[in-house]
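If you're matching positions, the sequence shown starts at 1 in my numbering and goes up one per residue.
It is worth saying that the hints were derived from the structure and are not from the lab.
Some hints could be false.
Derived Cβ-Cβ restraints for the label pairs, each shown as a range [as the list claims (entries may be wrong)]:
id	residue 1	residue 2	range
1	Ala37	Ile13	44 to 50 Å
2	Ile13	Leu89	36 to 42 Å
3	Pro65	Phe27	33 to 39 Å
4	Asn56	Ala97	41 to 47 Å
5	Leu63	Leu32	42 to 48 Å
6	Ser69	Leu89	23 to 29 Å
7	Gly42	Ala97	29 to 35 Å
8	Phe27	Arg58	18 to 24 Å
Remember, it's a predicted structure, so these values are computed and weren't measured experimentally.
Built from N, CA and C at the ideal position, the CB exists for glycine as well.
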Amino acid sequence: MFDSPCLMRSRAIACLDAAGIPWQVVFVSHSLSGIWAAVQAGLGLTIRTRIGMPGNLRPAGGLLPAPGSLAVSLRQTPREEHHSAAVALLGELMTEALQGWLER
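Model the full structure from these sequences, guided by the hints.
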């Protein structure tokens, strides 16, 4: 898992504690690829979105308590008029790129 502070880490720990499931951290990485590699090597489980999940890994399903849903939002600071079109386009592109992942 990622080191603190990390939303996914906090959510996983809270779920495990609430369910009374003992746990321990066996691997911490500063990179998502490092976390995926540790899971692939069988060091444990992680809580992540499906975005970028390697094809040889699968969601754990009902093995652990459900961590709940995670909201994704795009926020912007009001800018000059000529920046609005670029920001709007970026928002559309991000929504389009994530749409398939978020609906799974």
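Hint says 18 to 24 Å; check whether the CB-CB distance for Phe27 and Arg58 agrees. At roughly 19 Å between Cβ atoms, Arg58 and Phe27 fall inside 18 to 24 Å, so the hint holds.
Has the hinted range 42 to 48 Å been met by the Cβ atoms of Leu63 and Leu32? Once the Cβ atoms are compared, 21 Å apart, the range 42 to 48 Å for Leu32 and Leu63 is violated.
Using the beta carbons of Pro65 and Phe27, state whether their distance is inside 33 to 39 Å or not. violated (21 Å)
For Ser69 and Leu89, compare the CB-CB distance with the range 23 to 29 Å and indicate the outcome. Given a distance of about 27 Å, which is inside 23 to 29 Å, the answer is holds.
Can you let me know if the beta-carbon spacing of Asn56 and Ala97 is within 41 to 47 Å? For Ala97 against Asn56, whose Cβ atoms are near 23 Å apart, the range 41 to 47 Å is violated.
Range first: 44 to 50 Å. Now tell me if the beta carbons of Ala37 and Ile13 are that far apart. At roughly 22 Å between Cβ atoms, Ile13 and Ala37 fall outside 44 to 50 Å, so the hint is violated.
Is 36 to 42 Å right for how far apart the beta carbons of Ile13 and Leu89 are? holds (38 Å)
Does the Cβ pair Gly42, Ala97 satisfy 29 to 35 Å? holds (31 Å)
Checked against the numbered hints above, the structure breaks hints 1, 3, 4 and 5 and satisfies the rest.
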